[in-house]
Structures are given as C-alpha cells and as structure tokens.
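S.K.: Spelled out from the first residue to the last, the chains are:
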Amino acid sequence: MLRIIPFEIRKLLEQPVILLFFIASLLLNTIFIATAGVDQSYVNYIQQTEAKTGTLISSEFQETLSNQPASKKQQRLLTETADQENIFQDYSTEALGQEMIDFFQIDGSVTEKMKKKYEKLTPVVHELAEEQAALEIGRAEETMNIFTFIKDRLFHVVLGESLIFALLLGLYGSTFERLTKTEVLMVTSKTGRNTQGSKYIASFILTLLFYGMMIMLTFGIFNYVHPIGTLWQTSMSTQFHTNFYFPHFLETYSLEIPFITWQPMTLLNYMVLSIGLGGLLISFCHGFNFLVGLWTEHFFRGFIIFVVLYVGFLGLVHIINQFSWWNIHALLMWHPISLWNKQSYWFTEMGPYAVIPWQESIAMVINLFLLGVGGILTSKFYATKEVK
Amino acid sequence: MFPVEFKKLIQPILLLVALLITIVFSIQDLSFIDKHWPNGRMVPIYDYASDWQNRFGQTLEEEEIAEIEAEYFNLLDQADKMISENAIAKQLQIANYEEFESWHEENVSGGRINEMSDEEEEIIEQGDAIEQDLIDDSGDSIVDQIYVLQNLYHSIKQFESPDTFFNNEGFTEKERVRLSETLFLKDSEGWRNILPTELSTIFTDHFEKIHRLLIILLSLLIPSVFVRDRLVGLQNIQWSSRRGRNILWTQFASGMIASFLVITCVVVFFGGFLYFTDFKQYFSNGLNSFFIEEPLQVSFYQWTFGQWIVRVGLLTSLIGMAYSGILFFLSQTSKHYLSLLMKVIPVGFVFMFIAGRLLINAFYLNNALYQWTKIPMIELYAGILLLVISISLPIIFCIRQQDKDLLD
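Protein sequence lines correspond, in order, to chains P and X.
When the letters of the first sequence are read in order and numbered with the numbering used here, they come out as residues 1 to 388.
When the letters of the second sequence are read in order and numbered with the numbering used here, they come out as residues 389 to 796.
Please note: incorrect hints may appear among the correct ones.
[Said to hold, decoys possible] Each computed DMTMM-like pair below joins lysine to aspartate or glutamate, with the alpha-carbon atoms no more than 25 Å apart: (1) X:Lys723 with P:Glu14; (2) P:Lys342 with X:Asp617; (3) X:Lys423 with P:Asp107; (4) P:Lys115 with X:Asp617; (5) P:Lys342 with X:Asp593; (6) X:Lys723 with P:Asp90; (7) P:Lys181 with X:Asp417; (8) P:Lys190 with P:Glu177; (9) X:Lys792 with P:Glu14; (10) P:Lys342 with X:Glu509; (11) P:Lys116 with P:Glu141; (12) P:Lys181 with P:Glu386; (13) P:Lys120 with P:Glu141; (14) X:Lys723 with P:Glu183.
[Claimed, not checked] Counterexamples of contact, computed for chain P against chain X with all Cβ distances above 12 Å: (15) Lys120; (16) Glu161; (17) Ser283; (18) Pro336; (19) Trp340.
No lab work stands behind these hints, which were simulated from the structure alone.
The beta carbon of each residue, even a glycine, is placed where N, CA and C say it ideally should be.
Model the full assembly from the supplied sequences, consistent with the hints where possible.
M.R.: The structure is reproduced here in structure tokens:
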C-alpha cells in the first residue's frame, strides 16, 4: 500500500487546477494582507519606544515615555496608556458568567453548566493578574486591530481555503478512478480495493501540504509587509485586546469582555495552537468527504450531500436560536461546523458556545474518533461492495 | 435543440437543494431588514422620521422646522423640570438638563461593570436612576428623544446654507457644484426630504446579500450540466459534425437564459418583498435628506427612493448576468467537477468582493468605488464593463472552438 502512495500523489498533482487553486488562494491572501489597514509607523514607534520604557504599563513607563522627544505618536501613546490598571486584579469570573447568562438570556440546565465553567476560570484570572498580562503594552490601541486581523481574518481565510481544498480533494481522492473508467477494474481484486487506503493517504498528504505551505507563505508575507516584532510575544489577554459577543438576532449591541484563554498565552502560542487545531479540523473535513465519496461513488453527488448537510445544519442552528433551546444549542456546539464557525473564540471561555473548558479541543478529538469509527464501518462496506 | 439543452438544466434534485439554500439564506440573512431593523439607536431616529412623514408629508418646510424647534425646546423644559424635582439630582447639585448632560459626560466612563471600582459603580447607578425618572407620558425615554432631536436639529442647521454644509468636509469642486443643484436649488431642495438615509445603506446591504445568494444558486445550477456532458463523452459525439459543433451556441444561450430566469426570480422576489414592508412610505421621497449620519451620505441624483431601489435591483441583476457568463466559460474549460469547483469557488468569492464594492451605498457619494475613482455613475459603468468582459469570454471561446481539432 505504501509503495503506491507516491504514484497516487503524482496522479493527483497531474491536475493543473490544484496548483492554480493554490496560486489563486495565495494571491487573494496577499491582496488581503496589503489592504489590512495596519498603522505601521505607529507600530514601529512603539517597537522602538518599548526598548526604553519596558513592555509593562506603570508609573515609570509613563515617566520614561514623557521624557521621550515630543511627537504626535508620543502624545497618542501617552493618552492611550494613561490610567490603565491591572483589570484582572479583583476580577470576578462569577460576575462575568452571570453577565453572559443575562446577555444571552440563557435558561434551563445550561445556566448551571455555564456558572460552573466560569467558576473554573478563576485560577486563570488570578494567574493573569499575577503576570500583569493586562498591563502589557503590545501596540497600544493598534493591538486590537492587528490581533483581530491575524486570528479572526487572516487565519480564518487560510483555514477556509484549506477546508475547501480538503473537501474537494477528499471527494476527488475517492472518486477519481471513475474518470478514467478504471474503477471497476480496481474493485475486482482485494489488492485493488486496498488501493483506496493509498488514495486516502495521498490526498491527505497533499491536503496537509497545502495547509502547511499556505500557512507558512501567508504568515511569511504578512510578517514581511507588516513586521510586528515583539508583538508576537505579547499576551492575548492584554487589555488592548478584547473579546466581543453578539446576540443572535441584533447586530447593534455587543458584549465586550477581556480576552481570557484557559491558559495564559502569547500571540505566538495562540496562533501555533490554532494552527494545530485547524490542522485537525482539516483532517476531519478531508476524511469525512473521502468517506462521502466512497458511499456516493460520485464527486458531484458527494459535493451536493456535503452542501445539504452544511446548509441544513446552519438552518437548524438558526431555528434553535430562534426558540432559545439552549440544551440543543449546547449539543450542536460540539459539531465540527460549529467549531469552524466559532473559530475566533477558540481556547477562550467561549461564552454561550461552550459549557466546559477547552471544549473546542475536546470536541475535535471526539469528532476525529467518530470519524475513525465511520472509517472502519465504511472499509467493511467497501470490502464487500458489489461490482456494478 | 434549444428546448433539449434547456431541459437539461432543469434537474429536480439540484432545484430542491437550491430551494433549501434559498430558504435557509432568507431566514438567516434576508429577513434581517424586515425583522430586526431599525434596532438600537436607529429606533428613535426612525420613529421621528415616520412621525414627521405622517404629519408633514415628504419634505420639511420652514414652518415645520419651526414647529420641531418648538417641540425640542419644550422637551428640554420638561427635562429641566424633572431634573429640578429629582432627589438624586438635588443631592448631586444638578439643577437642569444641561448640567446633567455635562455631569454624565464627565463622570460616566462607559466601562464594563466588572472592571469598575465601587465609586464608579455608584455613579453609574445614580446616572441610571436620574435617567429612569426622565420619561414622558407614553413611557419613552426623554433622554433618547433629546439626543436624537439635538442631532437632527444640528443637521438641519448644517443644511440651512450651502456654505456651512460644504465647509464641513472635503468635497471636490465638481461635487460641490453638482450637489448644490440637487441639495440647494430653490425648486429642488433635496435636503428637505424626510428619509432616514441609514435605510439606503440597509437596502444596498440587502441587495448585496441577494447577490451572494445568486452566486451560490448559479454556481450550483448552471455549470455542472455542461461538465457532465463532457464526462459522459457526449461532447465528442456532438463535435464530430459541423452542425453538432453549433451546440455550444445553443448551450450558451440556454445557460444565459436559465441564469436570467434565476436572477429575475430571486431579485424580483426578495427585492419586491421590500414593497410590502413599512419602508414603502418612503418610496416616493427623494434620495437626499437631512437625516444623515455622515456628510458623504448624499447623492447627485434627483431620483425618488423607489426609482433608486429599481436601479440597485437592475445593477444586482447586471452583476449576476456577468457572473453567469464567467460560469459558462469556466464550465467549458473544465474537464471534470474538481477542475470546475476549484475555479468556480475562488471566482465566486472575487465576485462577492466586487459586488460589495459596487452595491453598498450605490449611487451615493460614500460608495467605495466612487470614492476611489470619483467618477459619477461608476457603479453602472463598472457593472456594464464586467458584463461585457464576462460575456465576451464565452463568445470568443465558442468562436474558437468551431475550428478546434477534436483530439486536442
């Protein structure tokens, strides 16, 4: 089986559209980065200044900053860092939980689970208070813009492109023998049927390669166009970076709270973890669609089934939100589609989208386990499938 | 041959999937304008617009402005009286509404309760307690009403002389001349229209969502049929004769007509649905109004709001038709479904991006494309250009295929 994997990879790479899709995605990401709207001169100014003032906001920080040559940027930084406090000192996570419950009007047994979840957040907040994470200067008010761009927009786009690639290649991997009419030939022997395993590994390797290359190139381009230097080492929980929650139906009001992860993290750590979890999500998407391809035996039919499942799920979530069925809502949040939709909240307390700490990571592992079970069942079906 | 090719495009399963997508999309996105707008701070603004529309008609004349002014001062007197009688206000030595506003601005930071000191929390509670007392006979907040009226009154004052309005922002000289005609000419003082202009943004946002739905539906319904023909080897049979090669033109015509029907149905259904909303009352009002959130939310054109909606709908259809031309081209250059979808998906996203720039605030000065090019009617020109390019591609392709070797 392993011997033919390189041949299978070569067969897939014979499709020029794969390279075309990669180039198109990279081009879109580059345009996206070029139009990010980062105030680079201010970012550079803070980078240079923090070498003299230190990275934590304090009275000494303000004093040293005041002694720097007067400029508009210095004035802006002085204003933005004035009266900043360690917000995690005496921060009540119970009150935060209650605020969340009131904001989303959560009821039923989910309320208790939410309260327990926020109680578990207390030690994390104490740790953040001790580390004075909230007082890290980052890039002052520009921090929010850069953090949001990197994790909610740029990474979201890369992940989206990779998921589309995984979906299409997963389907193609298990159905492309039909194109050359060699499918019947393949299923006439046990060895032939086993080549589906090689096809799975080949398309999986290509999918991961696409994701890895896209991540490296896109973030490489970002770092070249907008060098943010030490910002990568800034805590995600600096008070210049907050988390927003939006009610299900009104887009006007939002709840703004500190960005609290289950473990204190820097931007770099957070992105490495996100990339890792994104990789698992892509593996799931690829594997699921490979199985769909095996069952439907047709690329486009498989694609339509995926579309129906995706759209049907979105419709279901909408109906459940409409009727405020919080128990079912909490259950649906374990689904991979929810994990993709709520990517910007990964590793945080996740508000109404999680009932236990680290839910997104646990849910991903469970989903992969279920996919494995599905894979075993499918292989049993495929081994004894009738030759048509 | 046309009926045969057209019939191929009608696939019951795909139509059912398209229907499911349309239903989910409409309850999730397209119903926003009807169910959830106006919301937040727009509620009192919209209420004032509706009230004035009922009382004064489509425009606001001088005597009506005077009436509004009197109402505003009356409201302020009412608030002054309530403040002077309020126990907490007395304790804080606040004598009238103006002093309350200054106190509120200085002391209430608007931060999060969880991060406030006890003292800050107490100030918030005091402010809330005073505001709760400032309620009119119908139970509505006087503070909100004063805030909205203040802004509208300020906006009306901005429009009272062209010099004041144009001094505020960096309009170009050409824009000043054209806007003077639409906003300040005696016969057509466009600024006097009663129209909450945020409604224009929301409407264009609605049409942009319709366009997104169109892209999804067209991508699903149109191109896969032509790829299937190639996969089952039908194209080779068709191409083996000169007459058979003309099938490309028939397929092109059937694809475009099917797209046109889908686009028309979707745009007419979801655009026409606006006619049955409460917003219909503004359809015969002008496009410009003193109800502006930002100075650039003005238009050169003396259309009624209804005429503008029709034009935005046509623009949406134009971009939709351009996309269907590209779809046909992509379907003819794809050997199989992977190739098709890997081309259609990025192109679809690019079209969504372009449509956003064209449609949001279309025919207003704050339209992104207009701000970039400063060419009036650029939305229409860009739409036509897009259509010409997108239709030319499949036409050139069809012409070139006439003499192509079957083995290539």
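S.K.: Is the nearest Cβ of chain X still more than 12 Å from the Cβ of Glu161 of chain P?
M.R.: The claim breaks: Glu161 of chain P does not keep its Cβ more than 12 Å from every Cβ of chain X (closest is about 9 Å).
S.K.: Would you say Trp340 of chain P is clear of chain X, with no C-beta pair closer than or equal to 12 Å?
M.R.: Nearest chain X Cβ is 16 Å from Trp340 of chain P, so the label holds.
S.K.: Please work out if Lys190 of chain P and Glu177 of chain P have their alpha carbons no farther apart than 25 Å.
M.R.: The given pair, whose Cα atoms are some 16 Å apart, holds under the 25 Å limit.
S.K.: Would the non-interface assignment of Ser283 of chain P survive a Cβ cutoff of 12 Å against chain X?
M.R.: For Ser283 of chain P, whose nearest Cβ neighbour in chain X is about 20 Å away, the distance exceeds 12 Å, so it holds.
S.K.: Quick one, are Lys181 of chain P and Asp417 of chain X close enough, alpha carbons at most 25 Å?
M.R.: 43 Å, violated
S.K.: Holds or violated: is the Cβ of Lys120 of chain P farther than 12 Å from all Cβ atoms of chain X?
M.R.: Its Cβ never comes within 12 Å of chain X, the nearest being 17 Å, so this holds.
S.K.: Please verify whether Lys115 of chain P and Asp617 of chain X have alpha carbons no more than 25 Å apart.
M.R.: Violated. Lys115 of chain P to Asp617 of chain X sits at ~58 Å, over the 25 Å cutoff.
S.K.: Do the alpha carbons of Lys792 of chain X and Glu14 of chain P lie within 25 Å of each other, as the hint requires?
M.R.: Cα-Cα ~23 Å, so holds.
S.K.: Below or equal to 25 Å on CA atoms is what counts here, so check Lys723 of chain X against Glu14 of chain P.
M.R.: 13 Å, holds
S.K.: Next pair to validate is Lys342 of chain P with Asp593 of chain X; report whether the Cα-Cα distance is within 25 Å.
M.R.: Answer holds: Lys342 of chain P to Asp593 of chain X is near 23 Å, not above 25 Å.
S.K.: Checking the smallest CB distance to chain X, is Pro336 of chain P really beyond 12 Å?
M.R.: The claim holds: Pro336 of chain P sits with its nearest Cβ about 18 Å from chain X, beyond 12 Å.
S.K.: Between Lys120 of chain P and Glu141 of chain P, does the CA-CA distance stay at or below 25 Å?
M.R.: 30 Å, violated
Hint compliance for this structure: hints 2, 4, 6, 7, 10, 11, 13, 16 are broken, all remaining hints hold.
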